[in-house]
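Colleague: Chain order of the listed sequences is X and Z. What the first sequence shows, in this note's numbering, is residues 1 to 294, in sequence order. What the second sequence shows, in this note's numbering, is residues 1 to 282, in sequence order.
Calculated from the structure, these hints are not laboratory results. Here a beta-carbon is modelled for each residue, glycine too, at the ideal position from N, C-alpha and C. Please note: incorrect hints may appear among the correct ones.
[Unchecked claim] Derived list of chain Z stretches under chain X, where covered just means 3 residues or more per stretch with a C-beta under 8 Å from a C-beta of chain X: (1) 24–37; (2) 65–79; (3) 124–131; (4) 236–248.
[Said to hold, decoys possible] Some residues of chain X that are not near chain Z, with every Cβ distance over 12 Å (derived): (5) S45; (6) W47; (7) P84; (8) A139; (9) S145; (10) S157; (11) N174.
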Amino acid sequence: MKYRIIKDKVAGGVMTLFTLLSLILLVAMAVGLWLKSADILEEHSMWNLLTASEWKPMRNQFGFLAFISGTFYVTGVATVIALPTSLLMAIFLTEYSRSTVRRYIYPLLDILASLPSVIFGVWGTLVIVPIVSDIIGPAVGTATSGYTLLSGAVVLSVMILPLLVSLFIEILGNVEIDLREASLALGATRWQTTKHVVLKKGLPGIIASTVLAISRALGETIAVLMVCGNLIIIPDSLLDACYPIPALIANNYGEMLSLPLYESALMFAAFILFFIVLVFNLGARLYLKTIKTE
Amino acid sequence: MKKAKYIEEKIFRFLMVLSLILVAGFVFSVLWSIFSKGIPVLTWEMVTSLPGSGFYVGKQGGFLNAIVGSVYIVLGATFLGLLISIPVVFYLSVYLKKDSRFGSIARLAFDVLFGVPSIVYGAFAFTIMIVVGIRASLLGGILVETLLIVPILIRSMDEVARTIPKELLETAYSLGATKIETIGVVIRQIAPAIATATLLSVGRAMGDAAGVMFTAGFTDYIPESLTDKAATLPLSVFFQLSAPQIEVQNRAYAAAVVLTVIILIISLSGRFIMRYFSKNKV
C-alpha cells in the first residue's frame, strides 16, 4: 500500500521537474544567448551595433542595421500581401461558403501548412524569382536578378497564409450569430454585416493574430534565404536584395568560429531575433487570452 | 444608395473568390513546380545509394545518406519528445487543478516556445554543445529537434487532455487509484491526440533545416553512432541546389520530391486523424 503512494509521489515529483525544466528552457535560452553576446557588447555599445550598417567581421565592424531592416522589410511586405488575402479568404469560408466548399479548401491549407521551408525555397527559385526578373523587373524598367526583397516577401507570405487563415477563422467563428442576424434583419447585405458587425467585433483578435503570424514569419530562415539575394545593404526598393537576420546566422555559422567576436556577434543576432519574436508572440498570446476570457 | 451596397457586395464577393483562387493557385504552383522538375530526374539509384565519387560535380550516387539521416534524427527526436511530453501533459491535466496558475503559466510558456524560430534553437543548442564538448553530430540533431517538437507535442495533446471529464478521473480515484495510476485511463482517452501530435511533429522535424544546420552537420555517409555527423534531406536539397552544375541541381529537385512526398503522407494523415476525431467530439 505504501509503495503505491510513494510511487505516486515520486511520479508527481518527476513530472513537476519535467514541466519546470521546459519552463527553464525559455529562460535558459535568453540567458545563454545573452551571455554569449556579452563579448561583443563589451567592445561595442548596443546602440552602435543596432544602428551601424557596416558589417566587416574581419575588420571588427559589426553593424546590424542592414539585417534588422532586411528582416522587418521582408516580414512587413509579406504581411501586406498575406493579410488581405487571408482575411478575405477567412471571411469567405466563415460567412459565405457552404460546408462543401470548406471540405475542399481545408486540405489545400493543410498542404500549405505542412510543406517544409526548403520546399518553399525551391518553389521560390523556380517560380517567383524568374517572374520577378523576367516580368516585374522589365515592367518597371529595372534590371534585377530576381533574388530580391519582393521574392522573399512573396514566398514568406505564402508560408504564413495558412496560419493566418486558421487564426482568422477561429476569431470570426467566435462572433455570435445573433449579432449577424440582427444586422441582416435590418436589411444590411452580407458584406455590410461582415464589415460593420463581424469585422468590428473581431478586430482585436484579428490584430493579435496578425502579430502572432508576424512573429512566426520573422524567424523563417531557409526559404527566405534562398530567394532574397543576401546582400548586406539596406533595401531601397522592392527590387533590391535584402539580408534578414536568420539568413545571416545560417550563412555564417561555418566561419564564425574563426573569430571569437564573430561568434559572439552571431549569437547576438540570434538574441535579437529571439527577443523580437518573444515580445511579439507573448504580447499577442496574452492579448488573445484576455479577449477569449471576456 | 441602395445600389451602392449591392455593388460593394459584388466587388467584395469577387475579391474573396479571387483570394481563394490565388491561394489554391499557390498550392498547385508549389506542388507542380516541385513535381514537374523533380519526378523526371528522380531515379531509383538516387534513393538507394550513397553519394559516389565526384557526387558534387554531378557524377553518380544518391542521397540515401540524407534520407537515413533524417529518419534517424526524426525517430530519435520523436521518441525523446514523447518521453518528455506525455508526463508533462499528464501532469498539467491530472495533477494540477483546472484553474492552476502554474498550469496557465506553463501553457503560455509552451505556446511561446512553439513560436521560437528553429534557427534560434539551432544557435542556442550549438552554443550549449560547444560548452559541453559535443560536436555536430546525430546526437546534436536529435536533441535540437526534440527541443523543437516538445512544445508542439505538449500543446496539441494538452488541448485534448483538458477535455477529459473530471468524473472519469474521480471514478478511478473512488476505486482507490492514485493519481499516477489513472495514467492508463488518460492515455486511452488522448490516444488519437497522441497519434496526431506525433505525426505533426514528425512532419515538422523532418522538414526543419535551420535547426539541424548547426547541430547535425552534413556527411556523405550513414551515421553509425550518435557521435557521427548526420545528413538530412532538407539540407541535401539546399546544398545541392546551390551547386552550379545542372546534374547536381536536378538531384536537389529529386530530393525535394522525396521530401515533399514523405511530408505530405505524414502530415496529411495526421491532420486527417485530427479532423476525423474532432468531428465526432461533442
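Colleague: Against this structure, judge whether each hint is valid.
Modeller: Right, here's what the structure says about each hint:
1. 24–37: Satisfied; 9 residues make the cut.
2. 65–79: Violated, because only 0 residues of the stretch 65–79 of chain Z bring their Cβ atoms closer than 8 Å to Cβ atoms of chain X.
3. 124–131: Holds: 4 residues of the stretch 124–131 of chain Z have a Cβ under 8 Å from chain X.
4. 236–248: It holds: at least three residues are needed, and the stretch 236–248 of chain Z offers 3 whose Cβ sits within less than 8 Å of chain X.
5. S45: At about 23 Å from chain Z, S45 of chain X clears the 12 Å cut-off, so the statement holds.
6. W47: Per Cβ check, W47 of chain X is outside 12 Å of chain Z; nearest 23 Å; holds.
7. P84: P84 of chain X not clear of chain Z: closest Cβ-Cβ about 7 Å, inside 12 Å.
8. A139: 19 Å, holds
9. S145: 15 Å, holds
10. S157: The claim is violated: S157 of chain X sits with its nearest Cβ about 9 Å from chain Z, within 12 Å.
11. N174: With a cut-off of 12 Å, N174 of chain X remains clear of chain Z, as the shortest Cβ separation is near 16 Å.
In the structure shown, a violation is registered for the earlier hints numbered 2, 7, 10, in ascending order.
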